[in-house]
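There are 2 protein chains.
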Amino acid sequence: MKSDRAVISIDAMGGDAGPAAIVGGMARSARKNPDIRYIVHGDEPTLAPLIAKRRELADLVEIRHTTDVVKMDAKPSIALRKGRKSSMWATLQTVADGDADVAVSCGNTGALMAMAMLCLRKAPGIDRPAIAINWPSRNPAGYNILLDAGADIRADARDLVQYANMGVEYARLGLDLSRPRVGLLNVGTEEHKGHPVLQEAAQRLEELAGDPGASVDFVGFVEGGDIASERVDVIVTDGFTGNIALKTAEGTATQIRGFLREAMNYSIWSRLGAIFALTSLKRLQKRLDPRRVNGGVFLGLNGTVVKSHGSADATGVSSAIKLAFTLARDEFSEKVAQRIASVTPEAATERNGRQEDQKRTGG
Amino acid sequence: MKSDRAVISIDAMGGDAGPAAIVGGMARSARKNPDIRYIVHGDEPTLAPLIAKRRELADLVEIRHTTDVVKMDAKPSIALRKGRKSSMWATLQTVADGDADVAVSCGNTGALMAMAMLCLRKAPGIDRPAIAINWPSRNPAGYNILLDAGADIRADARDLVQYANMGVEYARLGLDLSRPRVGLLNVGTEEHKGHPVLQEAAQRLEELAGDPGASVDFVGFVEGGDIASERVDVIVTDGFTGNIALKTAEGTATQIRGFLREAMNYSIWSRLGAIFALTSLKRLQKRLDPRRVNGGVFLGLNGTVVKSHGSADATGVSSAIKLAFTLARDEFSEKVAQRIASVTPEAATERNGRQEDQKRTGG
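From first to last, the protein sequence lines stand for chains A and B.
Each residue of the first sequence is one higher than the one before, starting from -6 at the first, in my numbering.
Each residue of the second sequence is one higher than the one before, starting from -6 at the first, in my numbering.
Bear in mind the hints are in silico, worked out from the structure with no lab data behind them.
Quantities reported herein were computed from a predicted structural model and do not represent experimental measurements.
Take these hints with a grain of salt, some might be off.
[To be verified] Taking lysine-lysine pairs in the DSSO-like style, the calculated list, with each CA pair at most 27 Å apart, reads:
1) A:64 / A:115
2) B:186 / A:64
3) A:186 / B:68
Using the sequences and the hints given, assemble the complete structure.
If you want it as structure tokens, here you go:
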């Protein structure tokens, strides 16, 4: 992408809140950012009036009609077999065709990843794509990056090293860090802790970080309590553990927000106190609002996909679109691919081969 | 234990805060509960003056001198080989000998579990002991139970089913529930989600819960966000995942407490508000205080062991002692063993065999 504009391909039928929330999020982002254009996929008779009502969206949206919807609880294998006419598939295909820069969907994560692998294909040298998320942290950037947040429940040592490399590139672009610090999530920081796969990955990352001019700084094992800390920027784990950690943290935050609400409503004095502290409490609420950090990024594909929370409302969708826009401007997936190629010799060969093919076919 | 009294065997040398914090916790518990007696293990020249200073402890404490200390970062295998003269070993041996009802230590978890397995031995029918913790929840009891919180990073389907049975017995005693609901921690609630081990364990638990008169209610898979919910009472997982979930939740709670402090200090208005809401905010702080839920219980051994947080202060140690006292009164480990025997035929045979042996030897 060379212009300042970015075209976002959006699945308007995914998610629990329905097309209205998604169109609401699109309008919100369009108000804030004049450089966004949309290609939106879904049931045209439903979408056209929703979009017509939003003046902010006039002339910014192309609707592409689709007939099918991938259900939120569909098995990925079934979605793959039966979902070729779905809004989700069309959303990804538009990026694969080069009509849009980034895809955004609130739909079923498993189905979206399975379709993205087929439609966009894995980047050269990548065995397993991963989902990276921003995790509110005590670092100056305000966020750490955790991956894999749930693309694949398995990961071997080689996969974990690839996640580290992809996460480093994401942190360089997304958090503007020159030499992000990587930690491997484990049950203790001592060398002998954890599964053999983790010990093998740690050894490989140490070698990688030891190279002269290495752009990775490996801090070793980190624990669950370190995910939000200033010890580390990128936390690497398998998709099973990453998903459990993410949802446990979200659950804990929701629980404490409830406790805080109860505490401020407890007596006439606390209610009075809440009035005095209103501005501060609102800032705190905004800080704890999970909708503000909505959006998992699929790394390791030939094209960028942002997965929004299934339950996202207009605010959540707008956050995901903002993230998608940033990644589109940075030519993100291309840079991740370059990075993987620079650290894995096979990927470099594969990549050069593809470029040769493209030259020959004029692509 | 037939009397109302309970003798607690305490490792005074474990933990980061040193013997003073442990003696402080003992004194705190003694003030609240006249039925506690202590056998305390460690360096007598250090302990005697600390204990003499506390009037509450007069005549309640027997000091047993030990020379060695297991280091917080010692490998379990090395602790086992070299730790026979340690305060940790003596603490466990005192329970094995029948001199005390429950053991309490703030020391190295891995070393404590390895020594406990050798010293107390696994209960009949148990392959892998587990660590159970209380997790603040929205249920009426105020807590859910999660296990394994980190005894063993591996667990097969049979282990997970045993954890479920041990957790149910702990919930019956600790949370006073007649038919605790068990959930298996996974990355989704759909049947096809997760590792094959989880699917096999789910199937076995469904069979178990389907038996007429079953004391287990199996709710299926639960996610990270459900650990604190009212959907479930006992959350079963392997020790790797359980440890990551626990530490992630603790880290999130610490982070949010920091945000709240900042918010209430933000302006003159919020500081004024905090003064009005002081009582409520203090209640909230108490509710979020991790020291109040200090203490993991080792399940599946011939004897009860409570592992306190390594960084526990006097308040934390006192919480762990309170938990130990409750378990001693309930003849806890005996009841867990009975339960395992009632659901696993091999365990029943093994257990009856042991009782026969005891009769023959007059034990």
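- [ ] Would you mind confirming whether the straight-line C-alpha gap from residue 186 of chain B to residue 64 of chain A stays at or under 27 Å?
- [x] It holds: about 16 Å lies between the C-alpha atoms, which stays within 27 Å.
Task: 27 Å limit on alpha-carbon distance, applied to hinted pair residue 64 of chain A and residue 115 of chain A - done: holds (24 Å)
Open item on the list: Need the status of pair residue 186 of chain A, residue 68 of chain B: alpha-carbon distance at most 27 Å?
Closed with: holds (9 Å)
In this structure, none of the earlier numbered hints is contradicted; all agree with it.
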